[in-house]
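*Asks:* Sequence:
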Amino acid sequence: MKRIILLFWLWSCVISGYGQKGTLDGYLNDMQAFYHMDGVGWLWENQLHNRLNLDLYPTEWMKISIEGRTRFLQGNTFSGFPGYAEFSGKDAGWIDLTYSHGNSYNEKIGYLFTSKADRLYTEFSAGNFVGTVGRQRINWGQTFVWNPNDIFNTYSYFDVDYPERPGSDAIRLQYYTGMTSNLELAAKIDSANRITAAGYFRFNALGYDFQFIGGILEEEDLVLGAGWSGHIVNTSFRGELSYFHRMDTFTDTTGHILVSAGLDHHFENNLWLRTELLYSGFAKALDIHSFLQLFSTDMNIRNIGFTTWSIFSSISYPVTPLINLSLAGMYYPEWRGFYLGPSIDFSLSDNLSATLIIQEFSAELEDFSGITSRQNTFIGYGRIKWSF
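Residues 17 to 404 (the numbering used here) are what the sequence shown spells out, left to right.
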């Protein structure tokens with residue numbers, strides 16, 4: 017039934033968009049990655065990644081968007097990370113819009129071909145009203161690294177090759193009550209047929225944008241949240257908080273809180289400084305024993321913070337118009353751990369770029385036998401990207 021609905025929608029898109037104006041863009045990149053993890057050793061992987069974004073405009077009040085990513089991965093990560101192929105080719109949406117095929121060249125090296133539509137929606141507009149139906153990104157976040165208000169499309173900061181972020185199979189209704197205010201209602205359904213639904217109200221007061229949300233998460237938790245963004249003198253100040261309470265234990269006083277807040281400042285010489293803090297009431301229940309778990313765990317709003325407190329800072333500076341340097345870091349007090357992420361971007365031409373990224377993780381983690389030891393993980397990326 018789901019696929020019949022999808023085929024009918026696609027056919028309608030072709031008919032309604034035929035002969036009408038539209039846009040097509042995307043990119044093609046090749047990225048080489050090297051991993052070193054305690055107890056695993058050195059691993060490598062090459063990823064060829066193509067993205068296509070097609071927007072059709074059959075009428076002035078309708079937009080049809082079809083976007084997706086196709087990747088071919090090969091390396092020995094498939095043997096080093098159990099379940100890596102299944103995780104990489106998984107579709108969390110109500111309709112499975114992912115095709116994956118993988119196999120092994122030998123006992124150590126394998127490959128995976130996967131193609132996924134992460135945007136597949138129709139948008140209708142009439143005056144101050146906008147309605148969107150289909151797979152789409154619903155972004156209610158205000159902060160940069162961690163987004164307690166973003167209950168529909170949680171993503172990982174450490175995913176360096178997915179700037180578009182995932183989408184949800186959802187219905188979204190927006191009504192703009194003014195230049196800086198709007199009301200929204202949104203509901204999504206996932207692959208387990210669980211519904212997440214919420215309302216959103218955004219307005220401006222005292223020079224700040226404020227927002228409030230309320231709804232249910234995966235038919236399990238009641239969610240109430242708020243967020244803000246504005247300036248302290250000439251420094252941006254933004255934050256989010258959300259409260260989660262199990263619906264089946266609603267009479268209890270137990271709940272979980274997520275709070276993030278951050279500052280960022282952009283200097284006249286284009287130096288950019290940013291810092292952010294996260295408190296996670298879910299962290300103690302995550303039971304993380306190794307960094308390997310972080311590579312094989314589905315991202316959701318409950319596990320955006322690995323420890324109760326997390327601290328982030330970054331600095332970015334364009335040393336020339338064609339070269340940008342950045343350094344990001346995180347500190348995890350409970351683990352006595354840290355993350356370091358230096359990177360350098362080269363603009364080779366108008367539509368060609370090169371990037372080098374390093375990710376270094378180190379923390380004192382307790383294994384399943386109760387022994388605490390320091391674990392270290394190194395990841396290095398090299399990427400060439402052509403945009404069109």
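Keep in mind that the hints are not guaranteed to be accurate.
To be verified - Computed cross-link-like contacts, BS3-like style, restricted to lysine-lysine with a CA-CA straight-line distance of at most 27 Å:
1. Lys79 x Lys37
2. Lys401 x Lys106
3. Lys106 x Lys124
Since the hints were made in silico from the structure, they are not lab data.
*Asks:* Could you work out which earlier hints the structure fails to respect and list their numbers in ascending sequence?
*Replies:* none
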